[in-house]
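Full structure from sequences and hints, please.
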Amino acid sequence: MSIVKQVNPVAAAELFIIQDHVHEPMHDRFLWGTMQRRNQEAAAIPEWEELRDLASKIKEHTLTHLDLYLEEFERNATKRGAHIHWALDASEHNQIVYSILYDHGVKELIKSKSMLQEECQMTPFLEKRGIKVVESDLGERIQQLDGQPPSHIVFPAIHKTRQDVAKLFARTIGTDPNNDDPHFLTEVVRNNARPRFLAAGAGMTGGNFAIAETGTFMVCTNEGNADIGASVPPLHIASIGIEKMIPRVEDMGVFLRLLARSAEGAPLTQYSSHFSGPRKNGELHIVLVDNGRSRRLGMPDFWHSLKCIRCGACMNTCPVYRRSGGLSYGATYSGPIGVILDPTFDEFKYSELPFHSTLCGSCSEVCPVKIDISDQILKWRRVMAEKGYLPLVKKLSFGVAGHVFGHPEEYQTLQKAAGPAMDHAPHFLLYNNSLNPWTRDRELPRVAKQTFREWYLANRSEHGNVQN
Amino acid sequence: MATQTETTSRRDIPESMRVGLFIPCYIDMIYPEVGVATLQLLERFGLNVGYPLTQTCCGQPMSNSGDEHNAEAAEQLFVDNFKDFDCIVGPAGSCVKQVRCHFDRMEQTDEVKHVRRYTYELVEFLHDILKVDAFPWAEFQHAVAIHNSCSSVRGLGIAKPSEIVGVPFDKTASLLSKVKGLVLVPVDRPDDCCGFGGTFCVTDEAVSARMGLEKAHDQVRHGAEYVVSPDMSCLMHQQGVARRAGLDLKYVHVAQVLNGGPF
Amino acid sequence: METSKTNREIIFNAIRASLPDMKVEHPGIPVFQRPAAHLQQLFEQHLNEAGGAAHDVASAAGVGTLVKALHPKAKVICSAVPEIAGTRHIGIVKDPHELADVDVGIVRARFGVAESGAVWLTQEDLVVDALGFLSQHLIVLLDPEHIVADMHEAYRRVRLNETAFGCFMMGPSATADVEATLVHGAQGARSLNVIFLPASER
Numbered sequence: 001m002s003i004v005k006q007v008n009p010v011a012a013a014e015l016f017i018i019q020d021h022v023h024e025p026m027h028d029r030f031l032w033g034t035m036q037r038r039n040q041e042a043a044a045i046p047e048w049e050e051l052r053d054l055a056s057k058i059k060e061h062t063l064t065h066l067d068l069y070l071e072e073f074e075r076n077a078t079k080r081g082a083h084i085h086w087a088l089d090a091s092e093h094n095q096i097v098y099s100i101l102y103d104h105g106v107k108e109l110i111k112s113k114s115m116l117q118e119e120c121q122m123t124p125f126l127e128k129r130g131i132k133v134v135e136s137d138l139g140e141r142i143q144q145l146d147g148q149p150p151s152h153i154v155f156p157a158i159h160k161t162r163q164d165v166a167k168l169f170a171r172t173i174g175t176d177p178n179n180d181d182p183h184f185l186t187e188v189v190r191n192n193a194r195p196r197f198l199a200a201g202a203g204m205t206g207g208n209f210a211i212a213e214t215g216t217f218m219v220c221t222n223e224g225n226a227d228i229g230a231s232v233p234p235l236h237i238a239s240i241g242i243e244k245m246i247p248r249v250e251d252m253g254v255f256l257r258l259l260a261r262s263a264e265g266a267p268l269t270q271y272s273s274h275f276s277g278p279r280k281n282g283e284l285h286i287v288l289v290d291n292g293r294s295r296r297l298g299m300p301d302f303w304h305s306l307k308c309i310r311c312g313a314c315m316n317t318c319p320v321y322r323r324s325g326g327l328s329y330g331a332t333y334s335g336p337i338g339v340i341l342d343p344t345f346d347e348f349k350y351s352e353l354p355f356h357s358t359l360c361g362s363c364s365e366v367c368p369v370k371i372d373i374s375d376q377i378l379k380w381r382r383v384m385a386e387k388g389y390l391p392l393v394k395k396l397s398f399g400v401a402g403h404v405f406g407h408p409e410e411y412q413t414l415q416k417a418a419g420p421a422m423d424h425a426p427h428f429l430l431y432n433n434s435l436n437p438w439t440r441d442r443e444l445p446r447v448a449k450q451t452f453r454e455w456y457l458a459n460r461s462e463h464g465n466v467q468n
Numbered sequence: 469m470a471t472q473t474e475t476t477s478r479r480d481i482p483e484s485m486r487v488g489l490f491i492p493c494y495i496d497m498i499y500p501e502v503g504v505a506t507l508q509l510l511e512r513f514g515l516n517v518g519y520p521l522t523q524t525c526c527g528q529p530m531s532n533s534g535d536e537h538n539a540e541a542a543e544q545l546f547v548d549n550f551k552d553f554d555c556i557v558g559p560a561g562s563c564v565k566q567v568r569c570h571f572d573r574m575e576q577t578d579e580v581k582h583v584r585r586y587t588y589e590l591v592e593f594l595h596d597i598l599k600v601d602a603f604p605w606a607e608f609q610h611a612v613a614i615h616n617s618c619s620s621v622r623g624l625g626i627a628k629p630s631e632i633v634g635v636p637f638d639k640t641a642s643l644l645s646k647v648k649g650l651v652l653v654p655v656d657r658p659d660d661c662c663g664f665g666g667t668f669c670v671t672d673e674a675v676s677a678r679m680g681l682e683k684a685h686d687q688v689r690h691g692a693e694y695v696v697s698p699d700m701s702c703l704m705h706q707q708g709v710a711r712r713a714g715l716d717l718k719y720v721h722v723a724q725v726l727n728g729g730p731f
Numbered sequence: 732m733e734t735s736k737t738n739r740e741i742i743f744n745a746i747r748a749s750l751p752d753m754k755v756e757h758p759g760i761p762v763f764q765r766p767a768a769h770l771q772q773l774f775e776q777h778l779n780e781a782g783g784a785a786h787d788v789a790s791a792a793g794v795g796t797l798v799k800a801l802h803p804k805a806k807v808i809c810s811a812v813p814e815i816a817g818t819r820h821i822g823i824v825k826d827p828h829e830l831a832d833v834d835v836g837i838v839r840a841r842f843g844v845a846e847s848g849a850v851w852l853t854q855e856d857l858v859v860d861a862l863g864f865l866s867q868h869l870i871v872l873l874d875p876e877h878i879v880a881d882m883h884e885a886y887r888r889v890r891l892n893e894t895a896f897g898c899f900m901m902g903p904s905a906t907a908d909v910e911a912t913l914v915h916g917a918q919g920a921r922s923l924n925v926i927f928l929p930a931s932e933r
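Chains as they are written, first to last, in our numbering: chain V, 1 to 468; chain G, 469 to 731; chain L, 732 to 933.
Rather than coming from a laboratory, the hints here were simulated on the basis of the structure.
A few of these clues could be false.
Some chain G residues flagged as far from chain V (calculated, every beta-carbon gap over 12 Å) [stated by the list, open to error]:
| id | residue |
| --- | --- |
| 1 | Asp596 |
| 2 | Val600 |
| 3 | Pro604 |
Only some residues are given here: those of chain V computed to face chain L with a beta carbon under 10 Å [said to hold, decoys possible]:
| id | residue |
| --- | --- |
| 4 | Thr186 |
| 5 | Met299 |
| 6 | Val383 |
Here the structure is a predicted model, which means the values were calculated and not measured.
All residues carry an ideal CB built from backbone N, CA and C; glycine is no exception.
Printed below as a string of structure tokens:
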């Protein structure tokens, strides 16, 4: 049994930044550009803020009545020919999927993007049992070929340059390493995936939304790969988290108007597909997955994270994410939403994540379902502090600071000593990178010769109200 | 969370109000001229300003790190120092946000509620409460890029956040535009975080520096000579990064510009 | 499956035990005021932005001519509409795999959405769902009178209870996964051309 190690996003982010002068600036630029497109699209909708409020309330209503809507969905989906399965956790999800594939004699499956399947680590599970799994989404395929998880939930390979992709394809598919034209690279995967769609015994998708009223689930893609996977192989398996429920068909108008605009600055994804039963002569299985969601529902400070519609806008706006790259978070979910979700999977392993943030609050403003992401990040810090997961240096210095800031006389004594100490300290000590990381990329500020308090006492204390 | 529209648009501040001057710890120690400028500016409007000598810190460094336990004493001391003032004004958005929004873990006595509700950041106080429309004593013949901190924008409502769809406004710009000779320059990323984030700038140093450098380049690209902010803590970080990168930018607090000094 | 039944109970018990005390009411969807707009124009503009194109024809005969002009090298044209014969009628297709060689698929959409340039296609329109996704190129006939303003109106028109599959299709297939560079023709159709033609015309 292995010992769980803490993920260190700070060190990982630093590696991402210092690898060269290309990757991190590119990553930041592309996602900032996506944010600008999002802002433009949002500004074109006068009722944008009202839509966010509606979406938030619809999700809160659904989640506070989740059992009723799950029952309604199951009833209606079953009536229309879908087979519903219930999975307690990741392991059960994988087992159920494998059983269905085994029962149908499937040796090869093709899948579209699903964060849930990634969360459950489904692919290695199936491959160990002799089932070939092919990612059809371009970004996911790139990451699959490279043996890496996706780094962004909408743009899985956005941390890679076109040269990276060209070299990867050359290595794994045998194409020209010098042809890095995105059109060519896209065509490579199109031609590579198409025969796999035709050969696959099953197509797997995720589910963006599940409409209780009609037993319908939705899959939104730009490539149309989910639709090929659902319409060609005779077996379609969809993995859907229980929190994806939406009450009524008319609610979808609100969510679809928000989703693609938030994610990428387009009015819709190219394909917004609604599945209410199997295709003609086909079979449809839906695996509804808990994997910690019901437990999260019971956390008063954190259950709002279940409203998430996986748009990725919080990642695009987060300056820390843009500079770090998604792989720095060491989890299926990265960026601000990852910071508040991941500790629910493993509190110790992800105890550093809540500190990998400046609490700027941009994520909360951009979230289409108004999750209080930034406030939850602060609440997780309190959890980590109470559990004793604060880095040792912080624990010690805050203990001292807390005492000093509570006692004015001690504070003033410290002030008197700080100035001269900093003035006379040898330069190498102040600018030594490991002792004082401030100075690695910054010049130090200097303590003033006369504090404000001293100035006040010298210039104002005969007037006004001096309290002692 | 108490934003500008909830607290400062209320007209229940008495005429002869006693204003408590809140000088954050780092202003006290490193940028006392900002404190001097703030006090002199408030006095120009005939306000009765008091300065509790026993104030220390709002508790933000501890509280922001989740260490509520060690923030308690500082937060309680703040309330004790300022409870008898009609309102409290401080030249620091993040510290004021701490008081208004995060003094929520201690028992909410009448004193605590009073202090939380009537603590203002300087720009919002001048703009919303005093409704100052001229600064005749001030002149600043320079190209200025404004930096509004994330706390001020998204926590206190000093400007419309760029993510929100609505009518644009910027209280800092509104005040600075009244200063003779001052030219405001636009920037590409007005409210993208500069990377200070309190202890973040030392614990997450590489990311913080990249964020700060982005700010500085943005400002230089648009021809700014000065960066003016209601938050000196952000400027402290930006200045450090800019100097290291050899960029020629000068940094002053909005109080210094509006008061005409000291610089 | 026996285990599934138990799982279901466990999950529902866990949910019921965790439901937040504070229940939130469904807010209801308001009707948003819209200024009068030229819907066909907006539809075309957004379709163009999404990488598609729209065309007017004088009559059904014009469709065939236009398809030949747009896709001169097409060998297999599979039609699901009465206006066009194509080289293969969808009615004879028994299995979706048979559509792997289709160069151009021709379908009729029930309605379009002005704010996005999307068209609504159902299983009944496609006859075989895969026609919409294996075809290298798509031609979509659309009655220009059947364009709604936004997604709220669109969802009042879809009949999800009456179809096993329905898709809002906005332009051709696309991706921006490599350096955020937009590419059309990722997996599905490489191009999507909408031809305005009322349904009654023959």
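Outcome of the hint check:
1. No beta-carbon of chain V is positioned within 12 Å of the beta-carbon of Asp596 of chain G; the least distance is around 21 Å.
2. No Cβ of chain V approaches the Cβ of Val600 of chain G within 12 Å, the least distance being about 21 Å, so the stated non-interface status holds.
3. With a cut of 12 Å on Cβ distances, Pro604 of chain G stays outside the contact zone with chain V, its closest approach being about 24 Å.
4. Checking Thr186 of chain V against chain L: minimum C-beta separation of about 4 Å stays under 10 Å; hint holds.
5. The closest approach between the C-beta of Met299 of chain V and any C-beta of chain L is roughly 8 Å, which is under the 10 Å cut-off, so the hint is satisfied.
6. The closest approach between the C-beta of Val383 of chain V and any C-beta of chain L is roughly 18 Å, which is over the 10 Å cut-off, so the hint fails.
In summary, the structure is inconsistent with hint 6 from the numbered list given earlier, while agreeing with all the others.
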